[in-house]
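Chains as they are written, first to last, in the numbering used here: chain Z, 27 to 285; chain H, 31 to 292.
Keep in mind the hints are simulated off the structure, nothing from the lab. Mixed in with the good hints, there may be bad ones.
Reference excerpt, derived from the structure (chain H facing chain Z, CB under 7 Å, subset only) [as the list claims (entries may be wrong)]: (1) 92; (2) 94; (3) 108; (4) 112; (5) 118; (6) 122; (7) 124; (8) 128; (9) 142; (10) 144; (11) 169; (12) 202.
Each residue gets a CB set at the ideal place from its N, CA and C atoms; glycine is no exception.
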Amino acid sequence: MNRSLLLMNRSLLLKLLSAAVVFGAWEIAGRIPVSFGFPTFFESMLALANMVGDGSLFEAYSDTLRPLVIGLIISAFLGIGIGLWIGLSSWFDWLVLPIFIVMQAAPLAALIPLLVMVYGIGLTSKIFVVCIMAMPVIVLNTAGGVRNAPTNLKEMGRSFLGNERDIVLKVIIPSASPIIFSGLRLGTSAGFIGAILSELKITPTGVGDIITYSRSIADYPSMYAAIFSIIVLAVLFLNLLERIERWLFEGNVRGYASD
Amino acid sequence: MDMHRTEAGGVPEPAVSARRISKTYGHVEALRNLTLEFPRGQLTSLLGPSGCGKTTLLKIIAGLLEPTSGEVQVNGAPVTGPGPDRAFVFQDFALLPWASVLRNVAFGLELRGVGRTEREGIAEKYIRNVGLAGFENNFPHELSGGMRQRVGLARALAVDSQVLLMDEPFSAVDEQTRRKFQEDLLGLVAEENKTFLFVTHSIEEAVYVSDQIAILLPRPSRVSDVIRPSGLRAKDVADIRRDPEYLDIVDQIWASLRNYVE
Numbered sequence: 027m028n029r030s031l032l033l034m035n036r037s038l039l040l041k042l043l044s045a046a047v048v049f050g051a052w053e054i055a056g057r058i059p060v061s062f063g064f065p066t067f068f069e070s071m072l073a074l075a076n077m078v079g080d081g082s083l084f085e086a087y088s089d090t091l092r093p094l095v096i097g098l099i100i101s102a103f104l105g106i107g108i109g110l111w112i113g114l115s116s117w118f119d120w121l122v123l124p125i126f127i128v129m130q131a132a133p134l135a136a137l138i139p140l141l142v143m144v145y146g147i148g149l150t151s152k153i154f155v156v157c158i159m160a161m162p163v164i165v166l167n168t169a170g171g172v173r174n175a176p177t178n179l180k181e182m183g184r185s186f187l188g189n190e191r192d193i194v195l196k197v198i199i200p201s202a203s204p205i206i207f208s209g210l211r212l213g214t215s216a217g218f219i220g221a222i223l224s225e226l227k228i229t230p231t232g233v234g235d236i237i238t239y240s241r242s243i244a245d246y247p248s249m250y251a252a253i254f255s256i257i258v259l260a261v262l263f264l265n266l267l268e269r270i271e272r273w274l275f276e277g278n279v280r281g282y283a284s285d
Numbered sequence: 031m032d033m034h035r036t037e038a039g040g041v042p043e044p045a046v047s048a049r050r051i052s053k054t055y056g057h058v059e060a061l062r063n064l065t066l067e068f069p070r071g072q073l074t075s076l077l078g079p080s081g082c083g084k085t086t087l088l089k090i091i092a093g094l095l096e097p098t099s100g101e102v103q104v105n106g107a108p109v110t111g112p113g114p115d116r117a118f119v120f121q122d123f124a125l126l127p128w129a130s131v132l133r134n135v136a137f138g139l140e141l142r143g144v145g146r147t148e149r150e151g152i153a154e155k156y157i158r159n160v161g162l163a164g165f166e167n168n169f170p171h172e173l174s175g176g177m178r179q180r181v182g183l184a185r186a187l188a189v190d191s192q193v194l195l196m197d198e199p200f201s202a203v204d205e206q207t208r209r210k211f212q213e214d215l216l217g218l219v220a221e222e223n224k225t226f227l228f229v230t231h232s233i234e235e236a237v238y239v240s241d242q243i244a245i246l247l248p249r250p251s252r253v254s255d256v257i258r259p260s261g262l263r264a265k266d267v268a269d270i271r272r273d274p275e276y277l278d279i280v281d282q283i284w285a286s287l288r289n290y291v292e
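Let the hints inform the model, and build the full structure from the sequences given.
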C-alpha cells in the first residue's frame with residue numbers, strides 16, 4: 027500500500043514537474059520576449075483569472091460548448107453507428123466509405139462558405155463544422171476496428187451458440203473498442219478545433235470572440251488565456267473519455283500512458 | 031461409463047460420424063470423401079502432418095464450416111450448424127481479453143441465456159475443477175499460456191455438451207504444462223461421460239491420450255489408418271510412456287507418416 031502510494035506520488039510529482047518545465051519555458055520566452063505579441067505565463071494566468079472573475083469566460087464557454095457538445099454527441103452516435111454498418115456489410119462499405127475518406131481528406135476551411143450559404147450563420151452551421159471535423163475519423167476507426175475483429179473470437183461466439191446480435195454486441199464491439207475509442211479521442215480533438223474554427227470563420231462568438239477581439243485590441247494575455255483554457259478543457263475531456271473506456275472494458279486496457 | 035471401455039472388438043456405438051465428407055476451398059481440396067466414426071465416451075485423435083485437413087474436419091463437425099459434400103451426424107442427427115451437443119476448445123484459447131476469468135468461463139452459458147447467478151455458480155465450479163480457484167477476477171493477459179487454456183477448457187466443460195472438440199489445445203503451451211494437461215485429460219475422459227475429438231500433430235501425444243487414433247494423410251486428404259491401442263488405458267499414467275505397446279504404436283505411426291513430411 028505504501029509502495030502504491032509512493033508510485034502515485036511519483037507520477038503526480040512527474041506531472042507537476044513537466045508542467046513546471048513547460049510553464050517556466052513559456053515565462054522565460056515571454057520575458058525575453060520572443061515576440062511583442064507573446065505574453066509571459068503569469069500575465070496570461072492573470073488575464074485568465076480576470077476573465078474567470080468577471081464571469082466573461084463562463085459566458086463565452088456557454089456559447090462555444092453548445093455547438094461543440096451537440097456536434098460531438100451527434101458525431102459519436104452517428105459515427106459509431108455508420109462505422110459499425112460499414113464494418114459489417116461489404117455492400118455498405120462500398121457505398122459509403124469513400125464519402126468519409128473524402129471528408130477526412132478535404133480542406134474544411136474551404137467548405138465553410140458553402141455551409142454558411144446553405145445553413146446561415148447560426149448554430150446549425152457551427153454544429154456542421156464540428157461534425158465534419160469529428161465524424162470521419164470516428165467512422166473510419168470504427169469501421170476498421172469492426173472489420174478487423176479477430177476471427178477466432180467470432181468463431182468462438184458462433185460455436186457457443188451466439189446469435190448475430192450477441193456476436194456484434196458481446197464480441198465485435200468490445201474487441202474493436204480500443205480502436206473506436208482512439209477514434210473518439212481523435213474526433214474529440216478535431217471537434218474542438220472545429221468549434222473554435224467555426225467561431226473564427228463564421229461568426230465571432232464565445233471563446234473565438236475572445237481570441238479575435240483580444241487580438242484586435244492587442245490584449246495578448248487575454249488571447250493566450252483563452253487559447254490556454256480551451257487546451258485545458260480538451261485535455262480534461264480526453265481524460266474523461268479514457269476513464270469511460272477503462273470502466274467499460276477493463277481487461278482491454280493494459281496501462282497506457284495515462285493523462 | 032465402464033461399459034464403454036470394452037476390450038478390443040467391442041467398440042461402443044459412434045456418438046459422432048462423418049460420412050463421405052469433401053471440402054474444397056476454391057481449387058484447393060482440403061478433404062476428399064472422408065468417412066470416420068467417433069465412439070461414444072472415448073477420445074479419438076485426428077493425427078497427421080500439417081495441411082492434412084484435420085482442423086478443417088473438426089470445424090466441419092463443430093458446424094463452423096460447411097462441407098462441400100457429405101454429412102456429419104451427432105447422436106444420429108445431421109449437423110447444420112453449431113449446436114448445444116458440442117463444445118469447442120481452441121488452439122489459441124479464444125478468450126475475451128476484456129472479460130474476467132469468471133465471465134469467460136460463463137460466456138457459453140451467457141450466450142445461451144442462462145441467468146447471471148446461475149451461470150456464475152456453474153462457472154465457479156468448473157474454475158475450481160481445472161485448478162484456477164482464486165483467479166476468477168483476473169483478466170486473461172494476467173495468466174500464463176497454460177492457465178489460459180485451462181480457462182478455455184473450463185468454458186467448454188461449463189456448457190456440459192456430450193461432445194468436446196479440441197483443436198490442438200496443448201500446442202501453444204510449454205512442454206511441462208503439456209504433459210500435465212495430457213495426464214489431466216486422461217482423468218477427464220475417465221470421469222466425464224463425454225466423447226472427445228482431439229486434433230494433434232504430435233504422435234506421442236496422440237498415442238498417450240487416445241482410445242482411437244485416426245491417421246490423416248494429405249494430397250488427397252484421407253484416413254489412412256485407424257489404430258486402437260488396447261492395453262494402455264489400464265496402465266497408470268506414469269507408466270504409459272514406458273509401455274512396449276505405446277512405443278510400438280509410436281514407431282508404427284512414424285513409419286507410416288515419414289514419407290509425407292517435407
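Do the hints match the structure? See the list:
| no. | hint | in the structure |
| --- | --- | --- |
| 1 | 92 | holds, 6 Å |
| 2 | 94 | holds, 6 Å |
| 3 | 108 | violated, 17 Å |
| 4 | 112 | holds, 5 Å |
| 5 | 118 | holds, 4 Å |
| 6 | 122 | holds, 6 Å |
| 7 | 124 | holds, 4 Å |
| 8 | 128 | holds, 4 Å |
| 9 | 142 | holds, 6 Å |
| 10 | 144 | violated, 11 Å |
| 11 | 169 | holds, 4 Å |
| 12 | 202 | violated, 12 Å |
Figure legend: structure checked against the earlier numbered hints; hints not met, in rising order: 3, 10, 12.
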